[in-house]
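**Student:** Below are the chains, spelled out letter by letter.
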Amino acid sequence: MLQQIGEYIAIVFGGFITIYMVLVISFYSVILLLSLLQLRREYKLDKEQAYDEYLNDLYTKPISIIVPAFNEEAGLIQSVRSLLGINYPTYEIIVVNDGSTDDSLNKMIRHYEMTEIKKVIRKQVETKNIKGIYQSRTLPNLYLIDKENGGKADALNVGLNFSHYPYICSLDGDSVLERDAFLKVMKPIMISNEDVIASGGSVRIANGCKISNGHLLEVGLSKHPLVIMQIIEYLRAFLMGRIGLSRHNLLLIVSGAFGVFSKSWVAEAGGYKTTTVGEDMELVVRLHRLIKEKGAKKKIVYVPDPVCWTEVPEETKFLRRQRRRWHRGLFESLWAHRKLAFNPKYGSIGMISFPYFWIVEFFGPIIELSGYIYVLSSLFLGGIYLEFAIIIFLLSCLYGSLFSMASVLLEEWSLRKYPKVSHIVKLFLYSMTETLWYRPLTVFWRCEGIWQIIVGEKGWGEMKRKGVSE
Amino acid sequence: MMISNEVIVLFYATIFILIFLLLILLYLIIRKTLENQETLKVNLIKKEIETSLFVSISEGKVYERSNRDRFSLKAMEELLKSYSDTVVGTLEIQSITAMADKYLSEGYRKVLKGRSWSKRINALYHIEDFHMHKLSDDVRQLLQSRSITKEEVIVSVRFLAATGMFEEVFEFVNERYTDLTDFDYRSILFKLDEHSFGLFVERFSECHPTLQWSILEIISIRKELSYLSFVERIFQMYKGEETGIRALKAIASIGFTTDIEQFYSLRGSSEWQERMLFAKLIRFFPSESSYDILATLIHDRNWWVRSQAAQSFTKLPKGKEQLIKIMENSHDPYARDIATEWLQKGEI
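Here the protein sequences come in this chain order: A and B. Heads up: take any position in the first sequence, counting from 1, add 956, and you land on the numbering used here. Heads up: take any position in the second sequence, counting from 1, add 2, and you land on the numbering used here.
Hints listed in this document are in silico derivations from the structure and should not be mistaken for laboratory results. Hints may be right or wrong, so weigh each one.
[To be verified] To give an idea of the interface, some chain B residues facing chain A are shown, with a C-beta separation under 8 Å as derived from the structure:
no.: 1; residue: Ile19
no.: 2; residue: Lys34
no.: 3; residue: Ile51
no.: 4; residue: Phe56
no.: 5; residue: Ser58
no.: 6; residue: Glu61
no.: 7; residue: Tyr65
no.: 8; residue: Ser272
no.: 9; residue: Asp339
[Claimed, not checked] In silico BS3-like cross-links for lysine-lysine, where the CA-CA straight-line distance does not exceed 27 Å:
no.: 10; chain 1: A; residue 1: Lys1253; chain 2: A; residue 2: Lys1179
no.: 11; chain 1: B; residue 1: Lys347; chain 2: A; residue 2: Lys1166
no.: 12; chain 1: A; residue 1: Lys1179; chain 2: B; residue 2: Lys43
Think of the CB as a built atom: it goes at the ideal place given N, C-alpha and C, for glycine as much as any other residue.
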């Protein structure tokens, strides 16, 4: 009797996980197909040619680039240098020192010969107090704002208030941009007659690349398995997920590491939210909401080609912290805007994006984790459990490894940032192993994130940076 | 048992997908290897012919190369492209066009008729860059095709604009393709020579609004005094409308007007853009009333107007003194702030 109940529960439970996975796999397959169609069209387009026209001063819209910096002395000077070398006609760089406790401020002042200036700031969004504003004597389009510590979002808001231009871009202090990145990311805004109010590019991993003086010299592959797995993960998220979602204005994340926003829309939405750890996603959700509530025909898009190279954690300890934080950020955004979920008033965002993020992105890890536990325990129990376990295992291979392998191939088929044949082979082989170790690890960390939400843990946790530049 | 069957099906499906992916991988590896070799070859040829090609261009001659395999043509195309971005002399440009006509036009002709969108676009960009007027008819033919995309239309019409085909271009932008953006029209109009652009100005009233705005935008950018009376007339005709504001913008950019007093009423306009543009225009007219008007506008409730008024002060001979006065005496903290900022701007 007891055994029968046990078997019954096992079958229902196994069946549930199986159905969940089949659904998610079908969803991903559709998205993969959409991405394929989109990329196919632009296949072999001579990218430089296509952007030449936009370089003309008359056409381009000026951008304010905001670089929030909190204890980033290792990479700050270099990433500002990389920004000074970008290929874009009119822009200003606003470094916001968010009360750093290291030498970031003085290093900037010394290196770029900055002097304090008086300046009126149009306060569009409330922020913490500003201690001083500096401008470089040699590079008049470079500003530095020193303020009281208030978190990344607050720093971005200060930059937003200070900025002179109609478009703003937030950029992490430790990332390196390709020279044409801004032209490419601004193109949809320029040609759409301002119907596009936010545009994001891809983020790739800089660990293992040759970078000198803030410029990317050669794309390479790191030796750390953990970094290689993150490369694959980023490829998958950006190439497969976002292209498909962007096409239908379903995008909920414009990468915090590299995205351009229309300033007036951000200001109208109330700026960056300071009480969340996922301010970039939260802002995009709020913009979508504003668009729908105003009944405006505006769009938020993703452009796969412009790439921002950024450093990722190489140690398990820091990666774990990052993933737990991301998961909390995801929850905060979804929870703050829970009204949108399954709400037909918000169109496809409410009916597709939100349910997807709740079910697959947020609760997914719990279901996956229980799947792993099921598989492991069935090894000991055998019988009927074992067959379900095999099904679940095969499905999770499909779910984890095969989609990742497909993403690696998609990258080589379309964008091809990695120059050597060996890079592709290596990435492909690593992606085969995803289901066996990397996926379970990240799933576990994300579940830890959920646990942190339950017990009410806040804050970022310290991150260690070594700087990407030589 | 039923489940066993499912396991088997799933197992085979996984294996099948795996093999499929491995095959694609194999294909991509071969492709990458071949392409890396091709790039290597093209680069070698580029190194080999670079100097003599450059000499030919600078002397206005046509470089001769008997070998016309794929690699040579690719190398030639890349080199010509890099030169066409930098050279400005008529002789050099003619030489580039002649060489492109001689070596590349056949290939482009085929591609334009081909099915690949990205290849067609690339060819169009090159045809435009190399000024290959010889291919105008092929471009026209492409424009007639039903399945043409917007991107192709824009590059094609821009190319025709550069060849000075006024009637044709006018028909395209004013009748056939009326749904392009400001930005696209501007990029097309910008390619017109002075004569053809003048014809557009003449037929301004026949144009649809977006095209009208683009024409005014181009005048703002070119700042040509010869169009002043035209934009003044347009401003009067379309007062209070978007077109009127754009005409005012053009006048403010040209920086001159026959009669500044006709604009005086704008200081009380309900549109902030008009107040700002007026503040911008008045900086070219150093008279007592200009100082008074700017002193009013620097107290405007709109930040842009205040900022422009302060900036205009700095351009007037006695403007600095006025700004100092405002900074010290004004009751309005916003006006004081903006005056302080602009006074300081000259220092860095």
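**Student:** Taking each numbered hint in turn, which are not upheld by the structure, reported in ascending numerical order?
**Tutor:** Result: hints 3, 4, 5, 6, 7, 8, 10, 11, 12 break, sorted rising.
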